[in-house]
Amino acid sequence: MADAKSNESSDQLNRFDFIKQAVGRGAALTLGWMGGMSVFGAREQNTVWQIDPDKCVQCEHCATDCVVSPSAVKCVQSYPICGYCRLCFGYFLPNAPELTSAAENQLCPTGAIERLFVEDPYWEYNILEDYCIGCAKCVKACEMFGNASFYLQVRHNVCVNCNECSIAMQCPADAWERLPADKPYLLRHKEREETMEDAFNLPE
Amino acid sequence: MVTDRQLTIYAMTLLTGVAAGFLYLLFQGGKSLPITTRVTDIPAETAAGTYKPVGGVAAAPKAEVVVDLEGEFEKLEGEIGTSAGTWEGFRGADADNIAKDSVPLSDTWPPGGPTQLWSVPMGEGHAGVAVDQGCVYILDYDKEYQGDTLRCFSLDTGIEIWRRRYKAPTKNNHGVSRTVPALTKDYVVTMGPRCFVMCVRAKTGDFVWGLDLVKDYGTSVPLWYTGQCPLIDGNEAIVAPSGTTMMMGVDLATGAVNWTTTNEDQWKMSHSSIMKMEILGKQTYVYCSQNGVVGVSAEPDTKGDLLWKSSDWAQNVLSPSPIGVAPDKVFFTAGYGGGSMMMGFKEEGGKIIPEPLFKLDKTIFACEQQTPIFYQNHLFSILPKDAGAMRGQFVCMDLEGNVVWSSGKTERFGLGPYMIADDKVYILNDNGELTMARASLDGFQKLGFAEVAPGHDAWAPMAIVEGKLILRDSKMLICLDVSAGSSGGSNNLTLNQ
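Residue numbers (this note's numbering), protein chains in the order written: chain V, 1 to 204; chain Y, 1 to 497.
Worth flagging that the hints you see were computed from the coordinates, not collected in a lab. Because the structure is a prediction, the values reported are computed rather than measured.
Selected chain Y positions facing chain V (in silico; Cβ < 7 Å): (1) 173; (2) 174; (3) 223; (4) 316; (5) 336; (6) 337; (7) 385; (8) 386.
The calculated lysine-lysine pairs, modelled on DSS-like cross-linking and capped at a C-alpha distance of 30 Å, are: (9) V/55 - V/137; (10) Y/268 - V/137; (11) Y/409 - V/137.
Here chain Y is said to cover these stretches of chain V; the calculated rule only asks that three of the stretch's residues, wherever they fall, bring their Cβ under 8 Å from a Cβ of chain Y: (12) 78-91; (13) 138-145.
Beta carbons are placed, not taken as given, at the ideal position from N, Cα and C, and that holds for glycine.
Please put together the full structure from these sequences, using the hints given.
Structure (structure tokens):
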């Protein structure tokens with residue numbers, strides 16, 4: 001009887017061992033979960049919205065549906081792609097009376113494109129983001145008749161990164177996607193990626 | 001118990017709070033943008049020579065530079081080819097872009113595509129070739145030399161026979177070269193991107209004469225340089241300076257200007273080329289300037305007389321040339337939103353009167369850089385990118401403006417050239433993909449497809465001579481064997497000259 005009792009007691013956990021094992025396993029699970037989240041979960045969380053310029057159809061929802069006003073979507077200029085044309089179809093209205101920067105010649109409704117003379121026959125076009133409303137009129141014309149150097153991007157110094165982006169929900173081309181926060185732009189000219197990211201002066 | 005005095009104090013406090021909140025929202029509610037006055041960038045426009053003050057005079061013209069068009073000649077090791085075939089200039093014989101020679105062409109291509117006979121690097125641009133008696137002529141731009149260069153190659157081997165060039169520094173502006181030479185058995189005439197016209201002896205390249213249309217005739221070089229290809233009619237070169245004179249005929253042998261047509265309205269040069277056609281029984285040179293269309297007599301006794309003009313067809317940017325589709329009808333088309341127009345002609349009181357018959361929206365029929373083909377009483381074109389659902393499709397349209405068929409949404413093309421030979425249509429895409437289809441009124445029937453050029457912006461007009469298809473991308477000239485006897489595949493002969 002004494003041996004049987006002894007064996008029975010060795011197979012059963014006493015209260016102290018039970019608590020010790022439970023705490024140990026719980027701690028391991030917690031550490032595992034935290035480790036897993038730090039590797040995978042955080043990547044899921046630290047993402048931002050962006051527009052794929054190759055899918056964008058310039059529907060103008062970006063100008064009207066953003067919770068920020070004016071929109072956090074802005075036109076950006078890819079200088080290596082731009083043709084620096086005297087007649088820029090993204091800048092001038094079709095059949096503009098004259099190729100000057102007078103307002104009646106401009107396609108942009110807010111005058112958000114700066115036109116600077118470089119040297120004959122080249123002109124430089126810069127986006128003034130404070131004025132840009134993301135309407136994509138210039139993007140559409142540049143895509144159709146030019147080098148497609150104008151395209152839309154979400155500017156992360158303006159975007160509030162909503163959980164459900166109100167523009168993405170309206171986008172007819174499924175052009176919106178989540179990108180890692182440390183690579184937040186879809187740039188047409190890859191060679192310029194690093195310098196442009198610096199130029200964009202991303203918030204911390 | 002609340003007294004009236006207390007009630008008044010509460011109400012006043014509430015109103016004060018609301019007023020304060022309103023004022024706070026008014027001034028803190030949103031960052032307002034500064035209102036700035038936007039005016040013409042006067043220093044920039046002045047520097048570019050485009051600033052014209054209201055009521056004032058235009059900016060001073062830039063200093064004239066005299067270009068020695070005789071330039072330099074260099075004999076090279078190539079030999080004149082054996083072929084007797086001809087592609088006379090822009091759009092070939094009859095200027096309809098339909099090959100006339102009798103060599104049958106293959107209906108199918110092997111998986112590797114048609115045989116590449118030779119290829120030659122070019123200066124960046126979109127110039128096309130003219131071919132005669134085994135010689136291939138092209139007005140290239142030599143970036144190192146900084147000048148327009150007429151190069152003559154052997155059609156058989158692609159080896160350069162000679163080159164003649166003159167200094168005319170021109171900056172790359174979506175490429176440099178643009179045009180196709182015009183030739184006879186004896187002469188070759190070229191138009192450079194900055195409107196220098198040169199005539200040389202065929203085969204030998206001996207300089208005959210040259211013209212500077214900007215300096216001598218007040219031409220304004222169009223945006224991205226001129227695409228106007230010279231025309232040869234008999235013993236004259238016909239060009240349209242669209243400056244102090246609208247059009248003129250130049251004697252091929254002497255360079256003497258035989259006749260000029262006035263340009264009273266100062267209409268500007270476009271990228272379009274002069275087309276000769278018969279309108280109401282009169283041989284007529286038809287030219288589309290930026291501001292309107294003119295019809296100039298090509299009849300021997302009245303050559304150069306202005307027969308009619310119309311500002312109903314005016315486009316800021318215009319590349320396609322006019323197409324005569326009937327003795328009393330000319331068809332015009334354009335890209336960049338221009339659409340198309342059919343113009344009719346009638347004679348009243350001894351004068352020819354042009355009048356628009358109908359206009360077509362850009363989504364129905366248009367073309368950005370190429371001139372449509374008139375074939376079997378129908379027009380064929382590639383619609384531009386702003387044609388909505390029809391963008392990039394190859395379409396066939398009757399002369400009433402009804403689209404008969406289109407290539408469909410799976411067969412779209414770009415700004416590249418298309419031509420017809422041996423009842424087949426050849427379409428070159430921007431990125432050097434060549435499609436062969438049946439030239440038919442029944443629908444788009446694809447016969448072959450091949451990647452034939454490595455580069456981009458393959459926009460130059462093509463040429464076919466005795467089964468040899470000559471095309472190019474922005475930097476490479478390529479000759480393919482598309483004849484019925486070709487075995488296919490590439491021999492990769494690239495000549496680095």
